[in-house]
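Colleague: The primary structure of each chain is shown beneath.
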Amino acid sequence: MATIDPRVQWQVENLLARYVHALDDDRLEDWPGFFSSTGRYRITTAENHAAGLPLCIVQADSPAMMRDRVAALRHANIYEAQGYRHVVSSTLITRAEGAIVDAVSNFHVARVMHDGATLLFATGRYIDRILLGDAPLFEDKRVLLDSRRIDTLMAIPL
Amino acid sequence: MAATPQTPAWPQEGLTRVPYWVYQDADLYRQEMDRVFRGRSWNFLCLAAELPGPNTFRTSDLGDMPVVVTRDAEGAFHAFENRCAHRGALLVFKPAGSAREMACVYHNWTYDLTGKLTGVAFRRGIKGSGGMLPDAQPDAQAPRQLKIENYHGLLFGTLADGMPPVEDYLGADVAEKVRRVMAKPVKPLGGYSQMLPNNWKLYMENVKDTYHASLLHLFFTTFRINRLSQRGGVIVGGDGGCHVSYSITDAVKSDDYEKAGMRSAAGGFALEAPEVLDSVDEIGDGITVQIVGVFPGFVLQQIKNCLAVRRVAPRGLESTELFWTAFGYADDDQARTELRLAQANLIGPAGFISMEDGAATGFVQRAIIGAGDHQAVVEMGGRDVASNESRISETSVRGFWQAWRARMGL
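Going down the list, the sequences are from chains A and B.
Residue numbering for the first sequence follows the working numbering, starting at -8 and increasing by one per position.
Residue numbering for the second sequence follows the working numbering, starting at 125 and increasing by one per position.
Looking at chain B on its own, in the form it has when it is part of the complex (with noise of 0.2 Å):
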């Protein structure tokens, strides 16, 4: 690992600076567990779909802590840690199932699904002998309880108190583009998990950067899928941190002329089934492709109508898992439904345009080992934290590092 200064202080420059030592700095990764995922922040934890009814559970993560989500008997949702009270134990290690309490199978003792600890094996001892002292709490040491909040089917959950509601923490516009693909009832569709070679911040900056996306992933210009009109932009909200890029296609449509289009272009490529990827504009208002981030670790994709969430996790310092979940809407027919998995390919740690993502994070990770009092430079579009009409900027990623800043004290 890199040498970490020994005290490090953030660039005279500001928000178009970013330290590498940010990445590397295994202190730093510790507080920010603390800080950032456990602090003051909304982190996503699972489509509420995807606990399909009551007395259901799934694990998930706040930061590298685990947590399971539930929801109960009545179907109400609960979120808690995963770790039991007494010597902490995981209480669950499937991803997802059904159960009408939780038994921790090191030494048996239960919960119900709201967390709360109901049974101790053996607590009166067998026949006057063993088992705790009457006065015992053997709850003392609960696993924490999370608040948690259901916002259109997006189940966030903290650790703070007094923590804004998820649409104030998204700020109005941005919760706008959310609501929009979250209008109706979702269906999961399926998912997959990725391993990044890199800390988590470089993916969620990734996301956040709106200027890389023509020039690192050449699919969609390689083969002319879409001549993307100027129209769209990006909009930074809450406290920086929470951001969205959207784009709005030419009104042509026409197959015949797409297909004469690519087909002729001199030394171009052109794909045998392009079809496949057209799309259908199903919630009315001509956006295509629309990326939400939020801070710290959640992304919200419409890629044509490829819909899908995005959850990091960070799993060591210069480690990060991202988990996708594809989802449709509960009324789709099956052609929909096709539609959806087919575009699917343009997601992933397979995919058309996303493939990239999952090296290009890693190469800045392997570049900077030797240059932690060294910066990136994060100018395009100016030096401020504002809405933006082109994606020709950077605006999102200095919001990020302004969110980030504020919770770190740095």
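Same shape as in the complex, but just chain A (with noise of 0.2 Å):
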């Protein structure tokens, strides 16, 4: 495999911490700011995914749909408060040609309650697609959940 650029590196690593960060903060409202106009988000479980079955627990085939999905969680649904903290590491380039960089990392996420209750909420793989430029932005993201079981229900993105 080439060499990857290191300042190539950097900005996709960078795009990552800025996104769980956001996430991780509450600022929801910023996460469909993170991909391209273009840009689709979607989770689903390696389960799914090895058996080449399309489902999806979240699906966003465009910015605007994740904005409704905000919108959603903020005047719609109902959950009990609750926030997370993610871990990414090991962010791998797979590929980069010119301005698209195909990534995958891991990541962890620990859901914590109003209560304090905090469990490992979700483990997995980021598979991205991004696009660099002045401000790196997902093209495309897939959330790959190891497990296929969800402890009672998932409300905010990962």
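Don't read these hints as lab results, they were simulated from the structure.
Every residue gets a Cβ at the ideal spot worked out from N, C-alpha and C, and that includes glycine.
Hints should not be assumed to be uniformly reliable.
As the list claims (entries may be wrong) - Stretch-level coverage of chain A by chain B, calculated; a stretch enters the list once three of its residues show a Cβ under 8 Å from a Cβ in chain B:
1) 35 to 49
2) 63 to 73
3) 138 to 148
Since each chain sits alone in its own frame, please combine them into the complex, following the hints.
Modeller: This is the structure in structure tokens:
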């Protein structure tokens, strides 16, 4: 594999860091802004992915659908107050051609409930296609959960 | 765990009360596994289409009892207990796969895909020593066989003898609503499961509670997605444990009207991409939402064009695993598949209209911990178990308890 320009590696990791801090800081309104105008976001399970089955737990085919999800979380859906703490690591750039970069990263997400109950809520991989530029953006973000089993409900995006 | 009354007796009010000890009593839970799930009930196992051909298997549950569902070399369906005749180990632990036979990993006893013991490792020993005596009966404790019925692509299983056919178990009116969804061969689109922090019955009551739908789930009303007409209703079938609720949307179909109506709504919220939730009346009867609940733990849903089965697996007194499998029709084109996948945003643990169910039933379990001698009040829509045109009713919840009490002798 060709050597990855350290600056590209840094841009990708910086995008991921800013992304997870926005979610963990409850800046959900900023979430769609990490995607390009044609960006897609999907959460599915490794089991569905391996079986070639297309069902997702969350599927947003456009930033508009992401903004709709944020509006639903803020104004319609009912769930107990909770937050996440993401740990992202082992970001591996699998392809870099011009301004398009594919990367895979590991993540752990702890969910912290309002009463203090803390759970290792999700582990898995981010499989990302990123458009570099002045402000790198996700063109496609797939969240592949290691487990098919979700505790109680999944309100906030991963 | 809350204290259990010495001799629980059902409240005098009958079907309009549910005593909270039914969600808290560990002895009762064990009895339910035998009398409800392994008693005179048809349990949904999986979609027939989840076993795509001969020599395939999939694991499922009969209450807390693990089972294997198979298709043999001829393609015939079988189901049996996932327990080796020898020492009781699991025969299969993968959720699904292909196999020509089953081999217990513990001591390599083998089974064919009908669940029949076909081989005992070293049965005659080695070089004349070891092994079993000639009169041994290694299959004396064989895994139990289920009776199964493939009802229009839905595989049901039971351990009971002499069960009525699934169609009679559902009741004619509920069965008709099942068939309208299962009218064509289906293809699975994927699945996931959800751990609910509550007794299994609280989830099935939630499914059968048509009263909560527009009160707990605010997504449709907040975003004015559909103006549901008053048409629809709830039908109770079988011995009360089976039901269908359905609603028919107004004939107003213009996207322009929808969008203009929503955006102009004073103080309201609007979706930017509501069109992904537009539904196609593919069955042709105008029903846009239909939920079928089958005692003890099966749900068949049509929410717009999102079709799915849900299977309830008790995982302990206060823990329930809910398995979701979404599906389409085998002859769907790509556009129809994409529509179903986009509308799957409505369902599951992150679903716009089902997210709350994972929480609300847990709220009950948490709140009643000190109230084992108190009762839930179930009087919406009267006191009986009967079909009703209004969904402001708890008739199918009462039906659930009618079916449960008959099996439990309570």
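Colleague: All the hints need checking, so say for each whether the structure fits it.
Modeller: How the hints compare with the structure:
1. 35 to 49: It holds: at least three residues are needed, and the stretch 35 to 49 of chain A offers 11 whose Cβ sits within less than 8 Å of chain B.
2. 63 to 73: Holds: 7 residues of the stretch 63 to 73 of chain A have a Cβ under 8 Å from chain B.
3. 138 to 148: Coverage by chain B holds for the stretch 138 to 148 of chain A (8 residues, Cβ < 8 Å).
In summary, this structure violates none of the numbered hints.
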